[in-house]
Structure formats: structure tokens, C-alpha cells
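Chains A and B are the protein sequences, given in the same order.
So in the working numbering, spot 122 of the first sequence is number 122, and the numbers just go up one at a time.
Convert by adding 532 to the 1-based position in the second sequence; the result is the number in the working numbering.
In silico lysine-lysine, DSS-like type, Cα no more than 30 angstroms apart, as pairs:
{"no.": "1", "chain 1": "A", "residue 1": "454", "chain 2": "A", "residue 2": "489"}
{"no.": "2", "chain 1": "B", "residue 1": "737", "chain 2": "B", "residue 2": "672"}
{"no.": "3", "chain 1": "B", "residue 1": "592", "chain 2": "A", "residue 2": "408"}
{"no.": "4", "chain 1": "A", "residue 1": "319", "chain 2": "A", "residue 2": "179"}
{"no.": "5", "chain 1": "A", "residue 1": "408", "chain 2": "B", "residue 2": "737"}
{"no.": "6", "chain 1": "A", "residue 1": "454", "chain 2": "B", "residue 2": "737"}
{"no.": "7", "chain 1": "A", "residue 1": "489", "chain 2": "B", "residue 2": "737"}
{"no.": "8", "chain 1": "A", "residue 1": "457", "chain 2": "B", "residue 2": "737"}
{"no.": "9", "chain 1": "A", "residue 1": "179", "chain 2": "A", "residue 2": "206"}
For the record, the hints were derived by calculation from the structure and aren't laboratory data.
Residue-level listing of the chains:
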Amino acid sequence: MTRSATRASMIGVVLVCMTTGGLLPDVSAQQPQNSRWTTYSGDDTAQRHSPLTQITPANVGRIAVQWLFQTGAAGRFEATPLVVDGIMYLTGPDNHAWALDARTGRQIWHYQRQLPERLNICCGRVNRGFAMLGDRLYMTTLDAHLVALDARTGNVLWDVEIDNPARGYTATVAPLIVKNKVIVGIAGAEYGVRGFIDAFDAETGKKAWRFWTVPEPSQPGGNTWLGDSWRHGGGSTWVTGAFDPALNLVYWGTGNPAPDSFGDVRLGDNLYTDSVVALDADTGQLRWHYQFTPHDVHDWDAVQVPILADLAIGGAQRKVLMTANRNGFFYTLDRTDGTLLRARPFVRTTWAQEVGRDGRPILLEANQIGAAGTVTCPDVGGGTNWMSPSFNPGTGLFYVTTREVCAKFYAFPQQFLEGHVYWGGAVESIPGEPGYGALKAIDPVTGLVRWEFKYPKPSFGGTLSTASGLVFAGEEDGNLMAFDAASGKNLWRLQTGAGLRAAPMTYMLNGRQYVVVAAGGTVVSLALPEGR
Amino acid sequence: MHKATWSTMTLVAGLAVCALPGLAQQAEPTNPFQGNAEAIEQGQQLFRLSCASCHGLNAKGLRGPDLTTGQWTRGGTDAQLFRVIMSGIAGTDMPGARNSDATDDQGWALVAYLRTLSGAASTEDARGNEQNGETLFWGKATCGQCHMVRGRGGRLGPDLSRIGTARSRTALITEIRTPSTSMTPGFRPVTLVARDGRRTRGVRKNEDPFSLQVMDSSERILSVDRSDLREVIEDTRSLMPDYGAERLTDSELDDLIRYLRSLSGRAG
Numbered sequence: 001m002t003r004s005a006t007r008a009s010m011i012g013v014v015l016v017c018m019t020t021g022g023l024l025p026d027v028s029a030q031q032p033q034n035s036r037w038t039t040y041s042g043d044d045t046a047q048r049h050s051p052l053t054q055i056t057p058a059n060v061g062r063i064a065v066q067w068l069f070q071t072g073a074a075g076r077f078e079a080t081p082l083v084v085d086g087i088m089y090l091t092g093p094d095n096h097a098w099a100l101d102a103r104t105g106r107q108i109w110h111y112q113r114q115l116p117e118r119l120n121i122c123c124g125r126v127n128r129g130f131a132m133l134g135d136r137l138y139m140t141t142l143d144a145h146l147v148a149l150d151a152r153t154g155n156v157l158w159d160v161e162i163d164n165p166a167r168g169y170t171a172t173v174a175p176l177i178v179k180n181k182v183i184v185g186i187a188g189a190e191y192g193v194r195g196f197i198d199a200f201d202a203e204t205g206k207k208a209w210r211f212w213t214v215p216e217p218s219q220p221g222g223n224t225w226l227g228d229s230w231r232h233g234g235g236s237t238w239v240t241g242a243f244d245p246a247l248n249l250v251y252w253g254t255g256n257p258a259p260d261s262f263g264d265v266r267l268g269d270n271l272y273t274d275s276v277v278a279l280d281a282d283t284g285q286l287r288w289h290y291q292f293t294p295h296d297v298h299d300w301d302a303v304q305v306p307i308l309a310d311l312a313i314g315g316a317q318r319k320v321l322m323t324a325n326r327n328g329f330f331y332t333l334d335r336t337d338g339t340l341l342r343a344r345p346f347v348r349t350t351w352a353q354e355v356g357r358d359g360r361p362i363l364l365e366a367n368q369i370g371a372a373g374t375v376t377c378p379d380v381g382g383g384t385n386w387m388s389p390s391f392n393p394g395t396g397l398f399y400v401t402t403r404e405v406c407a408k409f410y411a412f413p414q415q416f417l418e419g420h421v422y423w424g425g426a427v428e429s430i431p432g433e434p435g436y437g438a439l440k441a442i443d444p445v446t447g448l449v450r451w452e453f454k455y456p457k458p459s460f461g462g463t464l465s466t467a468s469g470l471v472f473a474g475e476e477d478g479n480l481m482a483f484d485a486a487s488g489k490n491l492w493r494l495q496t497g498a499g500l501r502a503a504p505m506t507y508m509l510n511g512r513q514y515v516v517v518a519a520g521g522t523v524v525s526l527a528l529p530e531g532r
Numbered sequence: 533m534h535k536a537t538w539s540t541m542t543l544v545a546g547l548a549v550c551a552l553p554g555l556a557q558q559a560e561p562t563n564p565f566q567g568n569a570e571a572i573e574q575g576q577q578l579f580r581l582s583c584a585s586c587h588g589l590n591a592k593g594l595r596g597p598d599l600t601t602g603q604w605t606r607g608g609t610d611a612q613l614f615r616v617i618m619s620g621i622a623g624t625d626m627p628g629a630r631n632s633d634a635t636d637d638q639g640w641a642l643v644a645y646l647r648t649l650s651g652a653a654s655t656e657d658a659r660g661n662e663q664n665g666e667t668l669f670w671g672k673a674t675c676g677q678c679h680m681v682r683g684r685g686g687r688l689g690p691d692l693s694r695i696g697t698a699r700s701r702t703a704l705i706t707e708i709r710t711p712s713t714s715m716t717p718g719f720r721p722v723t724l725v726a727r728d729g730r731r732t733r734g735v736r737k738n739e740d741p742f743s744l745q746v747m748d749s750s751e752r753i754l755s756v757d758r759s760d761l762r763e764v765i766e767d768t769r770s771l772m773p774d775y776g777a778e779r780l781t782d783s784e785l786d787d788l789i790r791y792l793r794s795l796s797g798r799a800g
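Next up, chain A with everything else stripped away, as it sits in the complex (with noise of 0.2 angstroms):
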């Protein structure tokens, strides 16, 4: 064994029985020497904003490989990995799960759940990563359970069931740690489930509360479902939300109701659906909603991360929370009561030209579909999607993987059938058109976008933030690429041969910064050259 062999694998060691004591001793008053990730949007503000500084617009052109992790998981990677004290936890495909040395890329352990044979799920096996709390991990899986694992060696500590996946639920969310509960959304609006967030106690796996996305005909809310359209009328809830302490807050995007295309069958805005909901985080009572996208015919869910800041809007302070939605709308909303600030469009739009002042799409023509089909803009992956979104508070911008592509939409009734896709439409591609990506910059304030960078082709690539002045952003052609935050000029890129579908993250460790993301089956991790 050489000499660095020795002295690597001995910090290996440091490392892992570090997960035991807590954080490794900063060295530096800068920076710090070690630092976590350790939520799927990086902080309860859900901004994906990093403060580390070490990689900047200055340096990040040297930026190398530092080791690459394979997976051997077929499948499509949507998850942000963890790290917490030099251990990296990952999720994958069909519910594998790993704990990673985040220096070197080596694995620790393993886990994968065993999965029922059949499964109702629309739209891949993917997972979007763990939640952490003490030394404990938090995985959804697609059976629709939730389940504890111990973070230093992956054994199962408890597993609940959320709620019956032949009944069409399907989990894919990435838990989120609110105090002593783990918070959970669900899948399955495609199979025309009822969507709900549920709440868990973190040490037990006891349901502490849920609130429904549909509420029964007697609760507000009730009256904008037509007859039992209710019961099957979707509202899914599969993508993290964020959360303000001072508040008290929960925040989570809903989805898309069920039949997604035949609305005749639900008339009525249909409530919760399409919304951003606001909910009390120890009781999870309603607060405030808002809906982006009444009585949706297109699936326009609106789970897409909600990001929380404090921006100055019209010489006053506001605690807002700002989305770019699946439907081709920027909004920033006032957080504490849900009032409308700002909405427009950052892509073009047929079905709606602007927001009134009640808050409402004023709606086109384009809006109507039928038997007869309609095109539409944006088409059914909308102006955006799952793919993370990022805020820097320092350039005030708000950054998003954007799709410009349209749509001819139909739409025929449909029997609900349990366990069966209720969609009641279809949708066709435009021939010839195929459309196209770009990242883009937004500000909040005005809603106006600030720049953009165009791909070739409709992207699903999330996006980090660091305080340096740098976004990291991926595309559908397998580049992870860094951009000035202010300008949006492209400063690096890595080729990493696979679609990117997932978010980047970034950690300190052992005074060095590191940025990962997954790639096709592999976890790739980049970082400056050692002792420079």
C-alpha cells in the first residue's frame, strides 16, 4: 500500500466514525471546512442556494472529475443526494438506495426495498432522495410506503404504509423533516387516486396528521367538484415542498386533477388541485391556498418547488414564495396570506394571456379541448416541470430549466376504473415541431426574464445556486454546465453522456468543494484540483 493509499484510507475511517460524533472542526473562518446538505432542496427555504465559495466564476473553469459512482441501476435518476459528515446518501431507480464516502466515491452500504410485482405508475420508477433527521433516513417508495433507515448501516427501523397502492398510489417524493415530522406527498392522479400530504412522527412512523388536496362536498372547497368527482379527482402532491419556521408554515405544490384532460366529468375549479397550499405544520389545517391553474385540462401540475425569500417589492419588505409553474406562469405570492404579487408568463402561452387582478387566468380559446383536439402552448411537460428550480438572494434572481414546446390536446369521456389510467384524452406531438430549452434567469419582482441560455432541445435538469455568482444547470443532452449568475454567460461544462433529469447539489469537505449530480446511472463528482 503506498503512502497516500494509507493516509486516504485512514481519513475514510475519520470519516465514518465522525457520522457518530456529529460535525467535523471547521479550520477556517471563510468557509467552513465541512459542510451539509441535507434536505432534497438544500434548506427549508428550498432557494437551492449554496453559501460556499471556494468554486467561482473565476476558477470554475478548472473544475475536474474527482470520482464517478456506477450505479448499475437502470432507470432515469431524479434525486438530490445528502451529505451529512462525509457520508453522501443517495436514492435511485426502482428504490435502491446508497451511502456513499463523499471523498472518495466508495460505497458504504446498500439498501433496495422489495417491490410488489405490479404497480400502477404513470410515469417511471424514480425516487427524488432521502430526508434526514438525527441519524436517521426517510425514503417514500413506489408501493406508497414510507420507510426508516439507519443512516450508518441502511437496516429498516420502521416502515409504514402511506396509503394502497392498488388503489393507484405511488410515491416518488423526497420526504421533508418539518421539526419531529416527516412530511410526504403522494402520486397517482393518472389513476385517479385522492391526493393528500401526510405528516409522520419522525421517531415512530405514527401518522400525525394529513390534509386532503380534495375535500369532501361538506368542507370548503368541496362545492367546485361536480357530484362524487371528488373521490377520484387526483391533486397528487409528488414533489418536496418548503417550510418557514417564523410562520410556522408548510408549503407544497398539488397536481393536476383526475380525469386529467375530461374536465365535463369534475366541473368546478376543483379545489385544491393545481395549487399551492399553505399548511399549519403541526396540525396540517389549511391556512391559505392558491390555485394557479382552475378546473386544468392540460395536466399542469402545480408541484413544481415553491422557493421562499424576503424581497423588497414596492419599498416594502414581503415574505414571498415564488414558482415557475407547469402551466408557463412565474408567480411570486406574498407567503403569509397568499396574496398575488406578480404573475407572467416566462414562456410562451396559448391558453391564457395574463392574471387578472382576482388572481384568475384570464383564459383563450386555446384553453378548449375536446374530442376534436386543440393546440396548445405549452404542451403537456409544460413551460417547466420536477426539475429544481434556484433563487440567489445576492443577484435576486430566480433560476429555471424552461421548455418551449407545443401541444394538440383531446379530450373523450372516460369510465373511472380502480387501479386504471383515468385520463379521458390524449395528446399529440406537432409534427416538425419539436421544440426547445433554456435555462432562464427571472426576477421576481417584475417577473420579467433577466437572461437565458438556450439548449437544442426541451430539458428536465434542475439547477444549483452558489453564493460565489455561479448556477449549475443540466440539460437534456448530458451537459452540467456553469453560468454567471448576473449575466448568464456559460463558464464550463461537462459532456456527462446522459440526460440530466436531476438537480445538482454541493458540499464542503475536508476544505474542499465539491458539486455533484447524477447522470444517466452515474453519480458524478467534480470539484478544483487538489492543492491549488
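Once you've looked at the hints, dock chain B against the given chain A.
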């Protein structure tokens, strides 16, 4: 849910099956849902979501073949249709539904639905003269300058050795009369304008935000950085000319299509 995915998710059909001789002795599985009204309804929904974009909402064929004729190019037993739906057809645009999480039940539901569509055999394909069509292909119509069939011909356009199993007659008419309305990925035209103004025309094999991989009109493969170019013009006109009636009469078109429909990828 995120149907970024549904648009790319392709549960299904395009029908042609490779009958595997070694399996012929085994009992072929039968459709557990044959004639089952619930499954047929479900199959229709799945078809609309995942097959219609290529085969058309009424299954009469767009880019993909007409599925209503009762004629299956490569075998029409339930088991053969199921296999094509679930596994796709290698070398064609027909993907396997299994790769998109489709269950066996969904595959059989699609077979059950397709069975309700099968009407009388189409007489459309009986039009024209195959041999005249082949002569036109290599001669007057100059198709072979850009398209290859079984190793003979050009490279600028798609290989047509099995086009007969991949395209309906209707789709072929559109693609011959007005090729710019249906350009195949990997063959979209592009004009590269160098910094000194020199122009190179070709087809895009691939691209990303920083580079292009292009086959030029001399069939050379070029790797070009966007930063080295003054402009990249994404042409809306295919390199293939419109074959209007002045180039190809209706009767000649019938002959040509009869020939193309005979191309199944098999030797011969």
C-alpha cells in the same frame, strides 16, 4: 404526474413480430382479456395516450402503420402482437412498452382493443406495380442517391430496408410528396455558416448547446463547435425535394409505394 414523460413514454404498438422458430413448439400464451369490455376500454385509453401519436387516434396510421387492416406484417396471433407491443421492434421507431413500465395486463388490454379495430383487409396496398416502383427508386426518382436499401444507395436519408413495416401508405405519400412536413430526427437539415461566411449544408446527426455532429452533402461526418460558427441555420426545408405530380405521377407514386411497402428488412 410528470408527463414530460407521457409524451416520451411510449407504451406501444407498431406491429410486426419476429416469429422465433425455436418457440414454435411451445403453447403460445392467449389473451386473458379477449373480448373483455372493460379491458378493451382500458386498451383504448392506453392506445390514445401512448400509441396515437404514431399510429393516429383512429389507428389508421400516421408515421406508424395502419393497425385496422387485420393484416399484420410479421404475424398476427395475440401472442405475437403482445410481444411486439411489449418488446418493440429493433431498428424501427417502435419502442417496447416494457421499457415504459407497462404491465403485461396493459399489453393484453391493448391487444384486446386492437382486435376490435381489425376490419376487412385494406385494398390500398394492392395498388401499383412493385417492379416498376423498384425501377423508379433506383432510376428516374433518384431515391437511391440518398437512401439505402439492403446495403445499396446513399447515406444522407434514412435507410429504407424495412420501411414497409414502419410506415403506412398514407404516411409514405406525405413523406414523398411533402418531405419537409415530417423530417426524421437525425436527418434534420442544417446550414453551418463559418466565420468567413462559407456555408456547409448537411443533416444533423446530433447536437447539444455547444457542438453539432453533421453529415455534409458529401456524406462526410463533421464535428463542429458552435463557437467556431457565425451562424447555425436550422433549415425548415428537408434536403429531400418535394416529389409533386410533375416529378412523380399518381400512378408512379402507387408503384413506388408498392415497392417501399414490400421492404420488410428480410433478405430478398
